[in-house]
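Number of protein chains: 2
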Amino acid sequence: MAQKINRYKADLREFRFVLFELLKFEDVLGKAPYAGWGRDEVDMVIEGIDRFAREVTGPLNASGDAEGCRVVAGEVKVPSGFKAAWEALYEGGWKSLCVSEEWGGQAAPYAMHALTEECLCGSNAAFSMYPGLAYGAAEVIHSYGTKDQQKRYLPKMFGGTWGGTMCLTEPQAGSDVGAAKTSAKKLPDGAYAIQGTKIFISGGDHDMVENIVHLVLARIEGAAPGTKGLSLFIVPKRKVNADGTTDGPNDVTVGSIEHKMGINASATCVLNFGESGTCVGELVGTVEHVGIQQMFKMMNGARINVALQGLGVASSAYLNALDYAKERKQGSHVSKWKDPTAPRVPIIQHPDVRRMLLDMKARVEGIRALIYKLALHHDRAAAVGGTDDKQAAYHRGQVDVLTPIVKSYSSDQAFRICETAIQTFGGAGFLKDHPVEQYCRDAKIFSIYEGTNHIQAMDLVGRKLGQDGGANFRAFLGDIGAFVQGNAQHPTLGQDVQALGKAAETLGATAMQFMTWFSSGKMEMVPLAANRFLEMMAETAVGWQLLESARVAEEASAKLADGHPDRAFYAGKRAAAQYYARNVLPEVTAKAKIISREDKSPIEISDEAFATV
Amino acid sequence: MAQKINRYKADLREFRFVLFELLKFEDVLGKAPYAGWGRDEVDMVIEGIDRFAREVTGPLNASGDAEGCRVVAGEVKVPSGFKAAWEALYEGGWKSLCVSEEWGGQAAPYAMHALTEECLCGSNAAFSMYPGLAYGAAEVIHSYGTKDQQKRYLPKMFGGTWGGTMCLTEPQAGSDVGAAKTSAKKLPDGAYAIQGTKIFISGGDHDMVENIVHLVLARIEGAAPGTKGLSLFIVPKRKVNADGTTDGPNDVTVGSIEHKMGINASATCVLNFGESGTCVGELVGTVEHVGIQQMFKMMNGARINVALQGLGVASSAYLNALDYAKERKQGSHVSKWKDPTAPRVPIIQHPDVRRMLLDMKARVEGIRALIYKLALHHDRAAAVGGTDDKQAAYHRGQVDVLTPIVKSYSSDQAFRICETAIQTFGGAGFLKDHPVEQYCRDAKIFSIYEGTNHIQAMDLVGRKLGQDGGANFRAFLGDIGAFVQGNAQHPTLGQDVQALGKAAETLGATAMQFMTWFSSGKMEMVPLAANRFLEMMAETAVGWQLLESARVAEEASAKLADGHPDRAFYAGKRAAAQYYARNVLPEVTAKAKIISREDKSPIEISDEAFATV
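Protein chains in written order, with my numbering: chain A, 236 to 848; chain B, 236 to 848.
It is possible that some hints are incorrect.
Identical chains share a label here; the pair holds if one copy fits it or two copies do between them.
[Unchecked claim] Once the Cα atoms are required to be at most 27 angstroms apart in a straight line, the calculated DSS-like pairs of lysine-lysine come out as:
hint, residue 1, residue 2
1, K463, K416
2, K564, K416
3, K835, K561
4, K835, K757
5, K318, K828
6, K737, K828
Derived from the structure by calculation, the hints contain no laboratory data.
Build the full structure now, drawing on both the sequences and the hints.
What follows is the structure, given as structure tokens:
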């Protein structure tokens, strides 16, 4: 096989623009709770994680895909090089950036988590599943565990000595978490006997650590049916003694691993708990039947992580396509297409290639701005928490509203952007010689796991729209409205800002239509239109962030001398915003019209009418 | 690895509806040039090829993907079972259906070719590349070869004793075929010495046949640059004697095979011609420098074949997702979602699953109707050729206009439909246990080979729109106009037919805009808007075919007793048409508006502004 080159790519200028110029990251730096963080520290993270991604995780992406995982003697073996990468990751402190100082971390803003996840996922989506899940599981124990549990588990989980997973899905249940049958039976010593089978457990087993801490949703004997009867348990692969040392096996076995379209280096396991009747777990914290709320702590973070996976993969796909388009010579310039002796030009000179590149650029950069905006809402909420409750609530509300948007839009778009990257490469893009075909395969799972994109859309329209009496959604529209009002007469962007205004207005009207459906009992329209509404909202939000970026860029560019290298960068921001405003934002209105027609054909058709087979 | 089940699926009722009810196939049966073909013969083909696809090629799809091809001692070894399938294919007469009786075939209508290709490609896209290319190469010799060439090559190529390929692409040229450097030097005996390297040669070598006949585009010494200087040569892998027997090797060697995202069982070869200076070819026919025209005979057929590949794969993906949705129980009915004790229901009962299913159904069936309509235009042109030149020209013109549409739209949509099929399966769709992830990987190449979809779009707007003074495009719009006029007041479909009318009107106006760009020298807008225009035209055409299908179905259904099994089938036609008219046709107008804005941002942005890397 042709050797595939490590080609992880990131644009560090872009990271700095988004954080410091667009989102005013310095507002939250140098003061509580991020007193130890200044611009220099952030720059070190930007450069360090980029180097790590290029030098450590990136080079294992293609090889890990080709090698995959194996089950040997009941244990999962990860691909070559992964264990060393895992160790380097924790030695470099990359997974403890946002951990509190109490547990050995560096108490960084959440935006630093976003940045490191973007780079780790973009360079190796499969590898980053393992530490990502371990981190998420540790966070749950951090939030809900007893002090004793924290002491026994957190140092090892945050430090990479132990791994971690989240175990929700069961064979018969899938997305329907409330149908979980895994049982927990209280034992005389206060522990619980766990019995059941979980599937699709990412990193469910691997040989990079001495122990793996599973967080398992299970139903205590006699508990209510549905999600309300579920409790969350700490179920380590090997038992953990009271002093935190590791004991013998805990009757957690790997049934099998899945063979997949992508993220082949991530072990997706069937886990059997208590096949021999000797699996014990301890309740997270001290309260039974609150497992689903505890798990959602992890789920919300996991959903933002999926958004970052999509972003990282899509961004590297775009930058690889850009590189290829600049290097690959083919065909003559469009102005000389009738002259067979005209010189061959790099394909970036062909209009359709430029269109594809700008399309990818606009989507990638708009999604990035939106996800980091969400991260900054998180950090600003933490910064004003306790001093300005109203502002803190506003910021937390925006995190809530934007989470389903970024999870769905980033994951769906990542797949499409990878598709466009392949098309930009042409036939070469279909080959394993270049990284884009793997990116595309890896990206397909993003729209499915951590809650399918339809579940996200239902979360948005069924819960987030009306959350806090609708205040969060209104605040979102209000932020856009303020931007539109302030920039509708902008000399270069005014017309495109007005297009944004129209999109936002349409979005608000369509949200009202959902409210009407809810109140008038036309419930059947809600799931039929939810995905399209989510897309409308995502496109509006992304268009807004691109235009905001362009406005900031125009202002900064005006202050620069001709020929300053940043001028091209800033001009790129204007082009991306204009492209998106003119080619994507009009779709918002088109979608609203489609929704307003209230087409019910999918529920009117009978099952038999789909096909005669 | 979990054993993947052969799951090729087709809906035979649908084939019969499209051919006999929608397209009035019987018009051309039972008379010249298809005198030997009647409804019974067609039914035998429908049932026979479906059985062949399910029993012979289908079961080799997953295993061929897993096994792939290997080069052993300079020769390509295809996956297990392929040679037997090849032999069964030719023994069954499936590749000689449309061959003339003179060469041992059954002189079937082209629609029978479409049907068999759809089933072969849908069941095993990789396998069907080999016989597909062999057939295409033979057709070129049939059309342009000398009688002697036909005698020596056709019986073996049509009969499956020898394979065949088309060799266009070169490493430095890609889509820019005119940049080919492969050389041909006339030898004293009238043959030509061939030297050069060709890449991306599907079926470039394999071990299912004793010889492979390459059709090679090369430039005779002193010929003009560009495509006009190219000639087409017959270059067999092993030399062929005057009596048609096979002689020694012809200095054609396999440089390597590619490792790809999909169609892994199809050997994509680098072929070196004349590395030792002993490769000889013979000119196709007797005229030099007409190679590109000769090759286009094959290309046009190949483009329709790609449309059929997309259709076959997408159709089986849809039917597999439908099956899964009927079997898989998960979650409670939407009306009982708050009751955790409500019974679990098959996921087809969930509105968003129904939406995905109907979306796939509408696209698959609309694309099928359009491709078969094209095939019938071909057959009707043959039927009236010589007796009604005007009608023949009309039908041939529609084949020309529709070819880039079906190639692009079917291939792009196939990938999207496979994406939707994966999403319908949920996490299971990402696993190799089910066929949809392979369908998705296989389908990605369809938008690239046989002329990328942008090349198709440029062919449409740059050549086909204005072809014959615009007559062919006008006739296309005229056909839709007549349908709209006749059915705008249809009791159940009227409103949707009016939406089609609006789409067609918009399409005509956008075509005028292209004409204005051409005439006013705004050439730069043409490539930027071409893909979107092609989509508009494809959506209009597909919407038309779905509405026409629904109209036919409504009429037929009205004559049936309640409870007749066909009533559900016909109701499905109405639902598909309504869904598409209400959810996709509005996009035509939205796209027209976007085009009318004349956004030039992709060509205004500088190369440096794309990124700072």
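Hint compliance check: list the failing hint numbers for this structure, sorted ascending. 5
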